[in-house]
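S.K.: Sequence:
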Amino acid sequence: MSNRTFVVGVGMTKFEKPGSREWDYPDMAREAGTKALEDAGVSYDAIQQAYVGYVYGESTSGQRAVYELGITGIPVVNVNNNCSTGSTALFLARQAVKAGVVDCALALGFEKMQKGSLGTTFEDREQPMLNHIKEVFELYEWTGEPIAPYMFGAAGREHMEKYGTTAEQFAKIGWKNHKHSVNNPYAQFQDEYSLEDILAARTVYEPLTKLQCSPTSDGSGAAVIASERFVDEHDLWDRAVEIAGQSMVTDTRDTFTDKSAITLVGAKMSALAARQAYDEAGLGAEDVQVVELHDCFSTNELLTYEALGLAAEGEGGKLVDSGDNTYGGRWVVNPSGGLISKGHPLGATGLAQCSELTWQIRGQADKRQVENVTGALQHNIGLGGAAVVTVYKPAR
1 MSNRTFVVGV GMTKFEKPGS REWDYPDMAR EAGTKALEDA GVSYDAIQQA YVGYVYGEST
61 SGQRAVYELG ITGIPVVNVN NNCSTGSTAL FLARQAVKAG VVDCALALGF EKMQKGSLGT
121 TFEDREQPML NHIKEVFELY EWTGEPIAPY MFGAAGREHM EKYGTTAEQF AKIGWKNHKH
181 SVNNPYAQFQ DEYSLEDILA ARTVYEPLTK LQCSPTSDGS GAAVIASERF VDEHDLWDRA
241 VEIAGQSMVT DTRDTFTDKS AITLVGAKMS ALAARQAYDE AGLGAEDVQV VELHDCFSTN
301 ELLTYEALGL AAEGEGGKLV DSGDNTYGGR WVVNPSGGLI SKGHPLGATG LAQCSELTWQ
361 IRGQADKRQV ENVTGALQHN IGLGGAAVVT VYKPAR
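Under UniProt numbering, the letters of the sequence shown match residues 1 to 396, in that order.
The set of hints was computed from the structure by calculation and includes no laboratory data. In this text, all values refer to a predicted model and were calculated from it rather than measured experimentally. A couple of the hints might just be wrong.
[Claimed, not checked] Pairs of lysine to any residue, SDA-like flavour, derived with a Cα cap of 20 Å:
{"id": "1", "residue 1": "K98", "residue 2": "V77"}
{"id": "2", "residue 1": "K210", "residue 2": "Q190"}
{"id": "3", "residue 1": "K98", "residue 2": "R229"}
{"id": "4", "residue 1": "K35", "residue 2": "R239"}
{"id": "5", "residue 1": "K35", "residue 2": "Y186"}
{"id": "6", "residue 1": "K35", "residue 2": "R4"}
{"id": "7", "residue 1": "K367", "residue 2": "G329"}
{"id": "8", "residue 1": "K393", "residue 2": "S247"}
{"id": "9", "residue 1": "K318", "residue 2": "W331"}
{"id": "10", "residue 1": "K98", "residue 2": "R239"}
{"id": "11", "residue 1": "K210", "residue 2": "E192"}
{"id": "12", "residue 1": "K210", "residue 2": "Y193"}
{"id": "13", "residue 1": "K162", "residue 2": "K35"}
{"id": "14", "residue 1": "K162", "residue 2": "E135"}
{"id": "15", "residue 1": "K259", "residue 2": "E313"}
{"id": "16", "residue 1": "K35", "residue 2": "R64"}
{"id": "17", "residue 1": "K259", "residue 2": "Y140"}
{"id": "18", "residue 1": "K115", "residue 2": "R202"}
{"id": "19", "residue 1": "K367", "residue 2": "G323"}
{"id": "20", "residue 1": "K259", "residue 2": "K98"}
{"id": "21", "residue 1": "K179", "residue 2": "D321"}
{"id": "22", "residue 1": "K210", "residue 2": "S194"}
{"id": "23", "residue 1": "K259", "residue 2": "W142"}
{"id": "24", "residue 1": "K268", "residue 2": "T257"}
{"id": "25", "residue 1": "K393", "residue 2": "Q95"}
{"id": "26", "residue 1": "K162", "residue 2": "G309"}
{"id": "27", "residue 1": "K268", "residue 2": "G100"}
{"id": "28", "residue 1": "K134", "residue 2": "K268"}
{"id": "29", "residue 1": "K179", "residue 2": "S322"}
{"id": "30", "residue 1": "K393", "residue 2": "D279"}
{"id": "31", "residue 1": "K179", "residue 2": "Q190"}
{"id": "32", "residue 1": "K98", "residue 2": "G245"}
{"id": "33", "residue 1": "K268", "residue 2": "T250"}
{"id": "34", "residue 1": "K17", "residue 2": "G57"}
[As the list claims (entries may be wrong)] Quick list of the computed label-pair ranges, beta carbon to beta carbon:
{"id": "35", "residue 1": "D235", "residue 2": "T374", "range": "21 to 29 Å"}
{"id": "36", "residue 1": "E145", "residue 2": "E58", "range": "26 to 34 Å"}
{"id": "37", "residue 1": "Y163", "residue 2": "Y67", "range": "45 to 53 Å"}
{"id": "38", "residue 1": "Y163", "residue 2": "Q276", "range": "19 to 27 Å"}
{"id": "39", "residue 1": "K115", "residue 2": "T203", "range": "27 to 35 Å"}
{"id": "40", "residue 1": "S2", "residue 2": "S322", "range": "37 to 45 Å"}
Beta carbons: idealized from backbone N, C-alpha and C, even for Gly.
Can you build the whole structure from these sequences, using the hints too?
M.R.: Here you go:
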């Protein structure tokens with residue numbers, strides 16, 4: 001029996017500024033999940049397992065969310081893996097289908113976030129990222145900034161010191177992603193800025209300015225994952241997109257022995273996950289045309305170019321300057337606007353990336369459409385840590 005796996009339906013909500021819309025997570029999940037089921041042309045009764053991701057919420061919020069789609073007694077697994085939560089739900093749904101446990105599974109993610117920078121929820125226990133944070137403290141001065149931009153900003157500084165990367169090269173990534181988002185109706189921000197605007201925005205932690213940082217967001221995304229048998233039986237080949245390779249990697253010893261901010265924010269995790277996903281797919285970076293990667297900050301997008309093999313070590317800045325990360329270049333990276341402009345509701349981000357790449361392969365991305373897509377690459381990372389890399393290709 002074939003163990004090929006396919007995305008047959010995707011859906012997402014518009015990503016919104018927290019508190020700007022009167023809705024709750026069940027409303028978000030209903031909207032994204034219904035869209036994904038309708039896109040697949042199947043009812044919720046066809047779903048045999050559901051994996052539901054969120055970071056901020058009470059236990060069994062996953063059940064409450066999918067009960068908006070139906071109440072059928074199936075296993076519902078609640079998933080939390082920091083910023084890679086949505087892709088982890090996708091990984092688990094695909095794993096169940098690939099193993100032959102089920103023929104059709106739902107991956108759904110959502111987040112209802114507080115305004116402002118990310119903070120801790122439980123103050124009476126050790127924070128899971130404490131070891132990572134302590135290591136960065138030993139390398140770069142912390143002056144009270146929010147921890148996430150501090151850590152990724154420190155990684156950017158290290159890259160500048162080692163390879164001569166410039167603040168302008170990082171700013172060009174923010175400029176590109178905001179420009180891409182103009183054509184994405186799902187994006188939280190759809191404003192275009194000049195490079196000068198990006199550089200002149202308020203500094204959060206050098207080299208990062210505000211317009212190079214992803215915002216907190218509310219929203220949801222969903223994907224229906226199916227086996228080849230299910231696709232055949234339901235005649236879904238016209239909408240199926242194959243997950244050709246996928247890997248999830250957590251921290252290795254290198255994270256804490258390298259004494260490197262770049263490693264501490266996950267670059268080596270990403271590189272290992274990419275190698276494993278490419279190996280399974282039998283494809284490489286040269287075989288994809290469009291990439292959705294985890295640009296929580298512009299510095300991380302540049303680091304990830306190198307981790308995914310789009311650029312050699314130390315040459316991410318050259319890729320930026322060449323224009324090979326946007327329309328007309330070698331790859332189009334984050335045509336959705338990425339996290340910087342589309343928004344970053346933690347549990348939904350990975351499934352929004354999946355939605356964008358599914359539309360790109362199908363030729364349904366409207367003004368964002370990349371020409372002649374025969375391969376697509378997704379990267380989603382969460383500190384603490386986990387990286388998920390997925391390779392997609394047309395089903396036929």
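S.K.: Give a verdict on every hint.
M.R.: Now the hints, each set against the structure:
1. K98 with V77: Judged against 20 Å, a Cα distance of about 17 Å means the pair holds.
2. K210 with Q190: Within the cut-off at roughly 15 Å; holds.
3. K98 with R229: holds, 11 Å
4. K35 with R239: holds, 14 Å
5. K35 with Y186: Roughly 13 Å separates the two Cα atoms, so the pair holds.
6. K35 with R4: The hint is violated at about 24 Å.
7. K367 with G329: holds, 17 Å
8. K393 with S247: Measuring from Cα to Cα gives roughly 16 Å; hence the hint holds.
9. K318 with W331: It holds: about 14 Å lies between the C-alpha atoms, which stays within 20 Å.
10. K98 with R239: holds, 19 Å
11. K210 with E192: Roughly 14 Å separates the two Cα atoms, so the pair holds.
12. K210 with Y193: holds, 12 Å
13. K162 with K35: violated, 46 Å
14. K162 with E135: holds, 18 Å
15. K259 with E313: Between K259 and E313 the Cα gap is close to 17 Å, so the pair holds against 20 Å.
16. K35 with R64: This hinted pair holds, its Cα atoms lying about 18 Å apart.
17. K259 with Y140: Satisfied, since the Cα-Cα distance of roughly 11 Å is no more than 20 Å.
18. K115 with R202: holds, 18 Å
19. K367 with G323: holds, 19 Å
20. K259 with K98: violated, 38 Å
21. K179 with D321: Within the cut-off at roughly 16 Å; holds.
22. K210 with S194: holds, 14 Å
23. K259 with W142: The hint holds at about 16 Å.
24. K268 with T257: Holds. K268 to T257 sits at ~12 Å (cutoff 20 Å).
25. K393 with Q95: holds, 17 Å
26. K162 with G309: holds, 19 Å
27. K268 with G100: Roughly 31 Å separates the two Cα atoms, so the pair is violated.
28. K134 with K268: holds, 19 Å
29. K179 with S322: Holds, at about 17 Å.
30. K393 with D279: holds, 14 Å
31. K179 with Q190: holds, 8 Å
32. K98 with G245: With a Cα-Cα distance of about 11 Å, the restraint between K98 and G245 holds, given a limit of 20 Å.
33. K268 with T250: Between K268 and T250 the Cα gap is close to 10 Å, so the pair holds against 20 Å.
34. K17 with G57: Holds, at roughly 18 Å.
35. D235 with T374: 21 to 29 Å: holds, 23 Å
36. E145 with E58: 26 to 34 Å: Once the Cβ atoms are compared, 30 Å apart, the range 26 to 34 Å for E58 and E145 holds.
37. Y163 with Y67: 45 to 53 Å: holds, 50 Å
38. Y163 with Q276: 19 to 27 Å: holds, 26 Å
39. K115 with T203: 27 to 35 Å: Violated: the Cβ-Cβ distance is about 21 Å, outside 27 to 35 Å.
40. S2 with S322: 37 to 45 Å: holds, 40 Å
Comparing the model with each numbered hint stated earlier shows that hints 6, 13, 20, 27 and 39 do not hold.
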